[in-house]
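Q: Now for the letters of each chain:
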Amino acid sequence: MIGFDGTIPFVGLFVLFIVLGFYGKYWRRGDLNHVHEWSLAGRRLGTALVFFLIGADIYTAYTFVAIPSGVFAKGSLYFFAIPYVGLTFGVALVTMPRLWSLSREKGYITASDFVKDRFSSKILSILIAMTGIISLLPYIALQIVGMKSVLTVMLSGTANSNTVEEISLLIAFVILAAFTYTSGLRGATLTAVFKDILIWITVIALIVVVPLSIGGGGGFATAFKNVKNQTYITVSESLVPGYTTLVLGSALALYLYPHAINGVLSSESAQKLRTSTALLPLYGVGLAIMALMGILVYAVPSAMNFLSHFPESSRGILVVPSLILYTMPGWFSGIALLGIFVGGLVPAAIMAMSQASLLTRNIIKEIKPNMPASSEIRITKISSTAFKFVALGFVFIVPATYAISLQLLGGILIVQILPAVFFGLYVKSSLRKEPLIVGLLVGIFSGIYMVEYTNNFGALTSSLFHTTFGSLYVAVIALVFNLIISFGGSAIMNKKRLLSYGEGSSQ
Amino acid sequence: MKNKRRYVILALLILIPSIVNLSVSLYNRNMPELFGMPFFYWFQTLWLVCCSGFYLGFAYLMRGGAGEGRGGDSYKNDWI
Numbered sequence: 003m004i005g006f007d008g009t010i011p012f013v014g015l016f017v018l019f020i021v022l023g024f025y026g027k028y029w030r031r032g033d034l035n036h037v038h039e040w041s042l043a044g045r046r047l048g049t050a051l052v053f054f055l056i057g058a059d060i061y062t063a064y065t066f067v068a069i070p071s072g073v074f075a076k077g078s079l080y081f082f083a084i085p086y087v088g089l090t091f092g093v094a095l096v097t098m099p100r101l102w103s104l105s106r107e108k109g110y111i112t113a114s115d116f117v118k119d120r121f122s123s124k125i126l127s128i129l130i131a132m133t134g135i136i137s138l139l140p141y142i143a144l145q146i147v148g149m150k151s152v153l154t155v156m157l158s159g160t161a162n163s164n165t166v167e168e169i170s171l172l173i174a175f176v177i178l179a180a181f182t183y184t185s186g187l188r189g190a191t192l193t194a195v196f197k198d199i200l201i202w203i204t205v206i207a208l209i210v211v212v213p214l215s216i217g218g219g220g221g222f223a224t225a226f227k228n229v230k231n232q233t234y235i236t237v238s239e240s241l242v243p244g245y246t247t248l249v250l251g252s253a254l255a256l257y258l259y260p261h262a263i264n265g266v267l268s269s270e271s272a273q274k275l276r277t278s279t280a281l282l283p284l285y286g287v288g289l290a291i292m293a294l295m296g297i298l299v300y301a302v303p304s305a306m307n308f309l310s311h312f313p314e315s316s317r318g319i320l321v322v323p324s325l326i327l328y329t330m331p332g333w334f335s336g337i338a339l340l341g342i343f344v345g346g347l348v349p350a351a352i353m354a355m356s357q358a359s360l361l362t363r364n365i366i367k368e369i370k371p372n373m374p375a376s377s378e379i380r381i382t383k384i385s386s387t388a389f390k391f392v393a394l395g396f397v398f399i400v401p402a403t404y405a406i407s408l409q410l411l412g413g414i415l416i417v418q419i420l421p422a423v424f425f426g427l428y429v430k431s432s433l434r435k436e437p438l439i440v441g442l443l444v445g446i447f448s449g450i451y452m453v454e455y456t457n458n459f460g461a462l463t464s465s466l467f468h469t470t471f472g473s474l475y476v477a478v479i480a481l482v483f484n485l486i487i488s489f490g491g492s493a494i495m496n497k498k499r500l501l502s503y504g505e506g507s508s509q
Numbered sequence: 002m003k004n005k006r007r008y009v010i011l012a013l014l015i016l017i018p019s020i021v022n023l024s025v026s027l028y029n030r031n032m033p034e035l036f037g038m039p040f041f042y043w044f045q046t047l048w049l050v051c052c053s054g055f056y057l058g059f060a061y062l063m064r065g066g067a068g069e070g071r072g073g074d075s076y077k078n079d080w081i
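Respectively, the protein sequence lines represent chains A and B. Those letters in the first sequence? Residues 3 to 509, per the working numbering, in order. Those letters in the second sequence? Residues 2 to 81, per the working numbering, in order.
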């Protein structure tokens, strides 16, 4: 349990966080009744702000909770997150500035806007919007799981800790909903900078303090000796294909998530976007440090002892918060724990906003095309609030460990929009809307089937599917099916058209 | 000809870091250790910094394209 000296900085900084969130409304004033002003902060963010905003999008509770948790429980396999972030920004550099330029020219706010215009297909655009919305739900739930783990560690040992925890989460979400409603992405950006500062202070403190607190000839040496297991030192030969495809699949998926694209489109220029994207792998060093905590904790007896009071399946998500509590002075643990707490809250806000844009612009507006702009912004704001509470309800119902596994499913779904969005940026005539629709559906359903099959239709614990090439990440296998159908089907259609029009009259 | 060379360099600036990230067998080893950390862990962490270097090179070569919005060329007020 956290003492009084830790509670004061935690609460004090949370109040500052709220003030920043509401102040966002007045920052770089714009007419917030326009969708692009509300959800893209008027497309006026420079290099540093895009860096912080996308950094906040990407380095989330997934980083601070899910990855250390995986390294703690399963070892080096979960270190795949590090080459994954190294790779994903290369993917972003090739695709995102082009999407930015097209969006600026044609006024797109979402990837679905682009796809609808590019392939003149309402069905494809609606399907892509739905995929985006659904794949983000478990992602938001994961943020809440991360926030919950902070509260669990802070409140452990107090009376009624469960009730206090749920009430605290509810209050945090009401506040979050209120300031995103009034300030839009401006509020999220300001709080993202605040969150990033706290996270970096925490990361640096952790990497200095934890190894020192272990002592005895270097913290890492002791920790790696304590785990005494080869799976914590390197990846076993049989898992190399899995590791490689987890890196590839995750890297391809990240910039297809609606919240990542939302961050990209809020940039002021394509060049500023490139510079900030090129710098983002550096943020991954913080992720690597957090991941290593999953191993260092084995050499911190007080934290291990604390973790042993919890069921084995929920120990992983408590690794980082409990290390903070047991190695840092009380006042500092308050600051660091708040960093992790808002580290889940800010991304949750941005994700819910991008879900809302998709729902309003790409689904409701397709059905009711004559909707006035004032209703569009109102529905966007209200649905962004609704999505936050759907995810919160999800966390109260579904156990925490289950929520992390569901996030893997999110990645499998979202990567299926790759042929239309990434290839759509560069090729036009060799992709047709009908095969893209079929490919998307086959990718999604084969992906879900493979995940269910590999987990024996029970609780989701693995996302690797056994093939003759070894165990591969399901997202990559399903994407291959999808690509074959999209390109193969389009080639067949184009050839048929060529034949029926006769030579010379076709393009 | 000059344009072709530029494209090759641009492609390499993305491909080299990407291929290393995906070549697991290249870094899937224990030795040499750094501060008691197996090679596997410290190499991948250090490689992130190298990735940023390659990507900054890419961003620099791509600067100043047409239709890229305000501030595409100049570095004035570039950071906020």
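The set of hints was computed from the structure by calculation and includes no laboratory data. Glycine included, C-beta positions come from ideal geometry on N, C-alpha and C. Some clues are possibly wrong.
[As the list claims (entries may be wrong)] Facing chain A, from chain B, some residues (calculated, C-beta under 7 Å):
#1 Asn4
#2 Tyr8
#3 Ile17
#4 Asn29
#5 Phe36
#6 Gly37
#7 Pro39
#8 Cys52
#9 Leu57
#10 Ala60
Q: Now tell me, hint by hint, if it's right for this structure.
A: Here's how the hints hold up against the structure:
Annotation: B:Asn4 was flagged as interfacial toward chain A, and the flag is violated, the nearest CB pair being 18 Å apart, outside 7 Å. About 12 Å separates the beta-carbon of B:Tyr8 from the nearest beta-carbon of chain A, more than 7 Å, and the hint is not met. Residue-level restraint check for B:Ile17 is violated (minimum Cβ-Cβ distance to chain A is 10 Å; threshold 7 Å). Evaluation of the B:Asn29 hint against chain A yields a held restraint, the C-beta minimum of about 5 Å falling below 7 Å.
With its C-beta approaching chain A no nearer than about 5 Å, B:Phe36 sits inside the 7 Å limit, and its interface hint holds. For B:Gly37, the shortest C-beta to C-beta distance to chain A is roughly 3 Å, which falls under 7 Å, so the interface hint holds. Satisfaction of the interface hint for B:Pro39 is found here, the shortest Cβ-Cβ separation to chain A being roughly 5 Å, below the 7 Å cut-off. With a cut of 7 Å, the hint placing B:Cys52 at the interface with chain A holds, because the nearest CB-to-CB distance is about 4 Å.
Interface restraint check for B:Leu57: the shortest CB-CB distance to chain A comes to about 4 Å, inside 7 Å, so the restraint holds. Hint on B:Ala60 holds. Least Cβ distance to chain A is approximately 4 Å, under the 7 Å limit.
In summary, the structure is inconsistent with hints 1, 2, 3 from the numbered list given earlier, while agreeing with the others.
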